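Using the hints, position chain U against chain L.
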Amino acid sequence: MSEEGAAAGGAAGEGGAGDVEEFVLETAPFDPRFPNQNQTKHCYTSFLDHKRCVKARGEEFAACDYFRRVYTSLCPNAWVAKWEEQIQAGTFPGNI
Amino acid sequence: GFQNASSPLMEQLIFFHDHTLTILILIISIVGFNLFSTMHNTNIDQHMMESQGLELFWTIIPSFILIFIGLPSIRLLYLLDEVYNPAITIKTIGHQWYWSYEYSDFINLEFDSYMIPSNEMEMNMFRLIDVDNRMMAPLNSQVRTLITAADVLHSWTVPSMGIKADAVPGRLNQVNFYTNRPG
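Chains as they are written, first to last, in this note's numbering: chain L, 1 to 96; chain U, 1 to 183.
One chain only, chain L, in its complex shape (with noise of 0.2 angstroms):
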């Protein structure tokens, strides 16, 4: 079930002498908020922060885009989208 993938974590990867370039894996980060087996509410609150942070700061914003990354790897894409549709049909129960 496990296969060799290329390099894991650690510094920046560089070009590489050989064919093989050096890639980076990475996802969200471990948040002391949220210690403990219980991830629903990580998942929730990063939604939440990068809409609210979309809305206060607009879609351009560099920074906005740390919680997208992070409720994409989190989030199962179901619940995403049925959140979406909840917002585009203005019934969406959290606090924007």
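Bear in mind the hints are in silico, worked out from the structure with no lab data behind them. This one's a predicted model, so the numbers in the text were calculated from it and none came from an experiment. The beta carbon of each residue, even a glycine, is placed where N, CA and C say it ideally should be. There may be inaccurate statements among the hints.
From the structure, some residues in chain L lie toward chain U, with a derived Cβ separation under 7 angstroms [unchecked claim]:
#	residue
1	27
2	29
3	30
4	37
5	39
6	40
7	72
8	77
What follows is chain U alone, placed relative to chain L:
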């Protein structure tokens, strides 16, 4: 026994299990031997009423044994709760009756994984365990798996890594593991 470990935490769990079981077997053999030999011994000592020394001995020795068992246990308990920065996040979603996996860190990769029924199985496949699309994880990486379900309660487990977590609809359960063995 257990399956061979494919993650460092499972190795530690297996070592602790073997260590504790060894101690238990020793205790049971010694006590069992004493019990058996006492039952079959027809000599009776009328003057043996009490013995402080013996009682002290068999109070102190078990307390040492318990410390020997307890220290690795506490160590392992805290080791299992270590925090990590994972290298990759894999979402596992349970449906009736298949799993779907999403890898969303870079490209949005999703696929379903159905069990291969016995009548379609070829030789050298694992019966009732093999699937059409396997979940792949990179080697030598800390992997975070978020487990949930779409409909009813499921449970996701990899016994050789010592992982088991329930897949609950509406809840994301996080399980961390380190892949140090391929396969």
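Violations among the numbered hints: none
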